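Engineer: Residue numbers (my numbering), protein chains in the order written: chain F, 1 to 366; chain A, 1 to 510.
In short, the hints are calculated from the structure, not lab data. Since the model is a prediction, treat every value here as computed from it, not as a measurement. Ideal placement from N, C-alpha and C gives every residue a C-beta, glycine not left out. Hints may contain errors.
[Said to hold, decoys possible] Label pairs and their computed distance ranges (CB to CB):
| no. | chain 1 | residue 1 | chain 2 | residue 2 | range |
| --- | --- | --- | --- | --- | --- |
| 1 | A | GLU510 | F | ASP144 | 27 to 37 Å |
| 2 | F | ASN28 | A | GLY441 | 49 to 59 Å |
| 3 | A | LEU331 | F | ASP144 | 31 to 41 Å |
| 4 | A | THR437 | F | PRO143 | 44 to 54 Å |
| 5 | A | GLY441 | F | ASP144 | 41 to 51 Å |
| 6 | F | ARG100 | A | GLY338 | 47 to 57 Å |
| 7 | A | LEU313 | F | ASN28 | 22 to 32 Å |
| 8 | A | GLN335 | F | ASN28 | 56 to 66 Å |
| 9 | A | PRO505 | F | THR91 | 41 to 51 Å |
| 10 | F | GLY31 | A | TYR316 | 28 to 38 Å |
[To be verified] These stretches of chain F come out as covered by chain A in the derived footprint (C-beta under 8 Å, 3 or more residues):
| no. | region |
| --- | --- |
| 11 | 102-110 |
| 12 | 133-143 |
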Amino acid sequence: MTQHLDIANPARTSPLLQVADLAVSFDNGAGPRVQAVAGVSMTVHPNQTLAVVGESGCGKSVTAMSTMQLIPRPPGRFDRGTILFDDGGSTKDILSLSEREMLRIRGGKIAMIFQEPMTSLNPVYTIGDQLIEAILLHQHVAPDQAWQLAIQAMKDVGIPKAEERMRAYPHQFSGGMRQRVMIAMALACQPKLLLADEPTTALDVTIQAQILELLRELQRSRGMGIMLITHNLGVVAENADVVCVMYAGRVVEYARVFELFDNPLHPYTRGLFNSIPLLTQRKHRLTTVEEVVHDPAQFKLPGLAGDLVPWWPDAPAGVKPAIAADRDEYALVQVAPTRWVGCFNTKWVEDHPSPRPDLDYRRDDM
Amino acid sequence: MVNYLLRRLLFMVPTILGITFMVFMLLALAPGGIGAGLAVQGGQMSDTSKVAQMQAYLEDRYGLNDPVVVQYFRWLGRISPVKFGERDLRTPTNERVSAPRAINAPEMAWLFPAPAAVQVTFTPTVGEGQREEQVVEFKKLQREAEGARRAYIGSVRMFKDTLADYVRAMGKPWTERLEPKGGADPEKFRDIALDAANPKCEALKKAAADMHAKWSLAEEARQRAYIGFKAGPYPPSGYAVIPGAMYLDSPDLGVAFSKNRPVWDLIAAALPVTLLLNLIAFPISYLIAVPTGILASVRRGGGFDVFTGFLYLSLYSIPTVLAGVFAIGFLANKQYLGLFPVSGMHDSAAVGYTFLSYTDSAGVWHCGWLLDTLWHVALPVMCLVYGSFAVLSKQTRAAMLENFNADYVRTAKAKGVPRNDVVMRHVFRNSLLPLITMFVGIFPAMLAGSVVIERIFSVPGMGSLVIEAIDLRDREIILANTFMIACVNLLALLLADILYAAADPRVSYE
Chain F
1 MTQHLDIANP ARTSPLLQVA DLAVSFDNGA GPRVQAVAGV SMTVHPNQTL AVVGESGCGK
61 SVTAMSTMQL IPRPPGRFDR GTILFDDGGS TKDILSLSER EMLRIRGGKI AMIFQEPMTS
121 LNPVYTIGDQ LIEAILLHQH VAPDQAWQLA IQAMKDVGIP KAEERMRAYP HQFSGGMRQR
181 VMIAMALACQ PKLLLADEPT TALDVTIQAQ ILELLRELQR SRGMGIMLIT HNLGVVAENA
241 DVVCVMYAGR VVEYARVFEL FDNPLHPYTR GLFNSIPLLT QRKHRLTTVE EVVHDPAQFK
301 LPGLAGDLVP WWPDAPAGVK PAIAADRDEY ALVQVAPTRW VGCFNTKWVE DHPSPRPDLD
361 YRRDDM
Chain A
1 MVNYLLRRLL FMVPTILGIT FMVFMLLALA PGGIGAGLAV QGGQMSDTSK VAQMQAYLED
61 RYGLNDPVVV QYFRWLGRIS PVKFGERDLR TPTNERVSAP RAINAPEMAW LFPAPAAVQV
121 TFTPTVGEGQ REEQVVEFKK LQREAEGARR AYIGSVRMFK DTLADYVRAM GKPWTERLEP
181 KGGADPEKFR DIALDAANPK CEALKKAAAD MHAKWSLAEE ARQRAYIGFK AGPYPPSGYA
241 VIPGAMYLDS PDLGVAFSKN RPVWDLIAAA LPVTLLLNLI AFPISYLIAV PTGILASVRR
301 GGGFDVFTGF LYLSLYSIPT VLAGVFAIGF LANKQYLGLF PVSGMHDSAA VGYTFLSYTD
361 SAGVWHCGWL LDTLWHVALP VMCLVYGSFA VLSKQTRAAM LENFNADYVR TAKAKGVPRN
421 DVVMRHVFRN SLLPLITMFV GIFPAMLAGS VVIERIFSVP GMGSLVIEAI DLRDREIILA
481 NTFMIACVNL LALLLADILY AAADPRVSYE
């Protein structure tokens, strides 16, 4: 309830989730470890949707899975960083919690929905069984009460004839219905944070819209924070409050959704926007991200203090500034009060440390 | 579901027909043919014509002189629960008595006119209080009929041999029509004439007269036996559907040539032994292999996984022959450890044992039948079990690993399901299908027995019975065994399909 009051009053809420300088690597068998996430920072506030965008393999899902300690270790390993989670007043570092404590967090405090609704439900148990399993794990209720709660959860996500459907098996549901069941299951225990890992990728467009609308409604009624992982910029524009653009395991741009769309600063973000076809524009061929990030002109951040150069692993010749040899060449720099851009870690950047990205902003605030 | 089951059961009939037909034909094509065992038995006699007569008699008795397909259909008629024709009788000792079979008319009726038809009038002993006399009389009639028939078959054989001699005396081109082995088929000599000049003419006439006389006697004896049969010395067998034409009865597995005993008796003696071994061996292998397979999959690549994988594969690689011989040589041999009996299923005095062990008033311990049996089967069971771990546990492990990375397992983890519940409730539950497939395989295996182990430990089980039957080409035992295992196998596959539907709601037979 307090969260609702916070919405009415635009004063800051305390962050729900703070990921700080997280680095995760995986054992590759032979050869060097694969650095899936290399220093990611982000913040999620209650009732806020943080969209994490980026191409496949950029570390979005690994970040989300780390938030629930679902990274299989080995081969995975947390190299550094913290994931602070506000568990009802006391802030805990997820990465330092034991498996026992994590069982309480998973599903109870932080829930997750996945991109494959067709295979994410256990085919041999009824929908009811799977919902009740989740409820009984986190709430001390009698089985018949759990049954009622499960029906309520199904009704909350708009599944008609919920009582009948409790006895049905996943294969008797359509894709959209299964994703609703997944959401019902994730939300049955009233989690404070929902990690939605490409929840609509496998669904057709009308169902996508329904599912996202449903998530938004549930978020408003419960004041839940959502980390929405996607590579659909349309979904971002429609749903996100804050956007975190990732590339190669790092955050390259972090901003309020409208500011980002109005004025993308990082060449990669620009490249992403340029590659979207427009209905009003006739084009022979689409501009690729590659073309943008190979253009030195794109690496100018005009009107900013210092000579900040956006970070890029293979930046065009003459763009990369001098960097101390023993330094990590990447740093996330606050370039404006509400904007962060991944930049080359020059002397100036080192001398002017930036705060971690944290935007207590919702699109409905204005 | 019921429809599906009925359909499956119905489809089993042609499948079983196909299986038995194939086996029957294979036996018929085997060197020596179906009757090879009989020829071996006849070989003990010195007089070659006696051997030939004996063989002719046995071929007639077991119907081996008919075409193979006819023999197969006769066998089907016996095995079929729906039977046609005259109902069999059943003795108090549960043996079947069929009506006496018809006798073929004498050969070469165009040259030696057949004797007059025989019509016997005979009043058998019947009535209240005379049951015993009636049975005695019927048995005598049966014996007489069998004896007369045997004499007649022998005389037919003699006649054919004489005919061959006669043809040989005629010289070419007649001799070209003789069989490769020198016998004569009367049907091929329809145009032959009696030539008094032929030195064998008198012998042929005598042989024909002898054949005719023996036929008359055999036919008379048969008719008397038939009248005795109709009088019903025993109650009829089965249930009549159309009286005199069709009835239902249990399948008749026939009589083993090689042992002259009903096949069913032989199986009833051998099957419990095999079942006992397997009923101990299979649970042991499953109870050890499946849990270790699960554990190995949970700690994939860990010490336990590597250790059990190595151990099971090593065991799997030891030939049973070697293991059995070593087990006897070291564990059972009195010169070494002498811990176990060398062979057999029971102690020689086991008949008098109580079932459980006890200590009598004098403080002497008696081991009892149960412990004695377990002590005797320990080594054979060990040899049956040790090699089975590898396949079973690797299958379990593979099935589990396939599901560990499934999306719903990730979902379960994200719900906060504890690790052990994830493994058992989610992963193992979904790995059941391949395990079911393996599991139903044990039903036919239960009946089949292991030839090697039974031989090494002198266990009189199904394996020994069948391998002996194959040596002697004892068609009845082999066919009965094939039929039994085919039926059990098909039922086991049906059971598997039912279990699939129970294990996985996506499987439906509607």
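Engineer: If a hint holds in the structure, say so; if it does not, say that too.
Structural biologist: Evaluation of the provided hints:
1. Taking 27 to 37 Å as the suggested C-beta distance range, the pair A:GLU510 and F:ASP144 conforms, at roughly 31 Å.
2. Between F:ASN28 and A:GLY441 the Cβ separation comes to about 40 Å, which falls outside the hinted range of 49 to 59 Å.
3. Between A:LEU331 and F:ASP144, the C-beta spacing of about 59 Å breaks the proposed range 31 to 41 Å.
4. At roughly 34 Å, the beta carbons of A:THR437 and F:PRO143 sit outside the given window of 44 to 54 Å.
5. Roughly 42 Å separates the CB atoms of A:GLY441 and F:ASP144, a value that falls within the hinted 41 to 51 Å.
6. Restraint check, F:ARG100 to A:GLY338: a C-beta distance of roughly 54 Å satisfies the suggested window 47 to 57 Å.
7. A hinted range of 22 to 32 Å for the beta carbons of A:LEU313 and F:ASN28 is consistent with their spacing of about 28 Å.
8. For A:GLN335 and F:ASN28, the hinted distance range of 56 to 66 Å is satisfied, since their beta carbons lie about 59 Å from each other.
9. For A:PRO505 paired with F:THR91, a C-beta distance near 44 Å keeps the hint of 41 to 51 Å intact.
10. Between F:GLY31 and A:TYR316 the beta carbons are some 35 Å apart, a value that agrees with the proposed interval 28 to 38 Å.
11. For the region 102-110 of chain F, the proposed coverage by chain A is satisfied: 7 residues have a C-beta within less than 8 Å of a C-beta in that chain, meeting the threshold of three.
12. Counting residues of the region 133-143 of chain F whose beta carbon lies closer than 8 Å to any beta carbon of chain A gives 4, which meets the minimum of three for the stated coverage.
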